[in-house]
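Enquirer: Read off the chains here:
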Amino acid sequence: MSRLDWQVGTVTAIRTETPQVKTFTLRLPQWTPHRAGQHYDLRLTAPDGYQAERSYSIASPPEQTGEIELTVEEIPEGEVSGYLFDGVAVGDQLELRGPIGGYFVWPAGPADAPLLLVAGGSGVVPLMAMLRHRQRAGLTNPAVLLFSVRTPDEVIYQQELEALSAADPAFTLLLTYTRQAPEGWPGYHRRLDSAMLAEAVAHLPSPPQCYVCGPTGLVENAATLLQVQGLPDAAIRTERFGPTGS
Amino acid sequence: MPFVNKGFHAKRPTDGGHKLPPGQYETQDFPVLTAGPTPRIPLVNWEFRIEGLVETPTKWSWNEFNALPMQSFNPDIHCVTKWSKFDTKWRGVSLDTLLEHVQLKPEAKFVMAFSYGGYTTNLPLADLRDGKAFIGLEYDGKPLAAEHGGPARLVVPHLYFWKSAKWVQGLRFMADDEPGFWEDNGYSMYGDPWKEQRYRSDDDETDTASFRL
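Same order as they appear, the protein sequences are chains A and B. For the first sequence, position 29 (counting from the first letter as 1) is numbered 29 according to this note's numbering, and the numbering increases by one without interruption. Position in the second sequence (first residue = 1) + 1000 = this note's numbering.
Partner residues are not named here, just some residues of chain A that face chain B (Cβ under 10 Å, in silico):
id	residue
1	V8
2	A52
3	E77
4	E79
5	Y83
6	V219
7	A235
It is worth saying that the hints were derived from the structure and are not from the lab. For every residue, glycine included, the Cβ atom is placed at its ideal position computed from N, Cα and C.
Starting from the given sequences, assemble the full structure and let the hints guide the process.
Expert: Structure (structure tokens):
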């Protein structure tokens, strides 16, 4: 079987991350080690033969063998996400193929440059795979995650990120709340801007490799602001991610 | 027995006059996908080049290019990330028009489209001819926005939309097929949405052979 054939995975766990976001753990009969940042295609088939496909980023690190975690945001009227949220339970089977994608990936290595990850909303998912891989592989590259969310209940992976931030001095978590911040929040309470990206870059000892993932507006804005910081285009990798059109 | 997801049904019927390729869904938006920052190209510096296996390499400035005969195009477009958009409204210059200005060498069979910002994508020459491709300068009655590939984008609507190179700077004619940017990163060499050729392993050999002829 070639790497990109469809296979039938089994849902072994479903975790609620936020009111709109769930993580599905799927055991795969043909698991292939992925690179952090890659995705799987998921396909649903109706009894009349109608099929719908979507791509979902892998949240788990390649060290988590035999299974993958896909973190899915429920999109209003979403044909596939709606079914996953309401129609899928532990023990159910889903068709998948992957891992896919060769550019928005982190080629982790001890000699690598620092990592600047910029996420908007569920765009944090492939970046989380990078952070989990960095942690599980024992890598010590300085890393910053600048994570933009609208409200306090939208911080996907919040506990894990805060724990990582507390335990790992080489990792900095920068959250910004664009609409409503928690009571007494001392941090950012605005959209991504030039000053915020300059501060994120300043946390790192040398120019970083950047991965930006989120809604189009955020990605366009952040990529342009990183160019303004003097980072070369080749150091800025982007991926649009989010509800547009699904 | 084919795999079925119990209780799953199509949520939205698609627009009557249009067909969706397998695995695609219709969107009213115009999503943006880019591997890196959006290049901003001042029009005074812009040029479009035809090079490689041609008798005389040719180039146009922005004003020269805009003086070429323009046409309207209303294609359905299909992105490999699963969205399709029906009846998009473009104005631009047909590749047939551009090819009237150059004499190709007989061994020219493939094309590498190259873009400001370094993007490349490969296509068979036959897929650019006979009204199948154009350089889009306007979208929805306005100059094409930079995030959608402006000032000028190659549009090849019968193939997945990554073949429609944003910020296109020129075409290089070649004797043999070579992978461009996404093709080098595991995506199909040809990208036919109706055959669902998303990834390299979706390309079938007979197909490749037929367009090599």
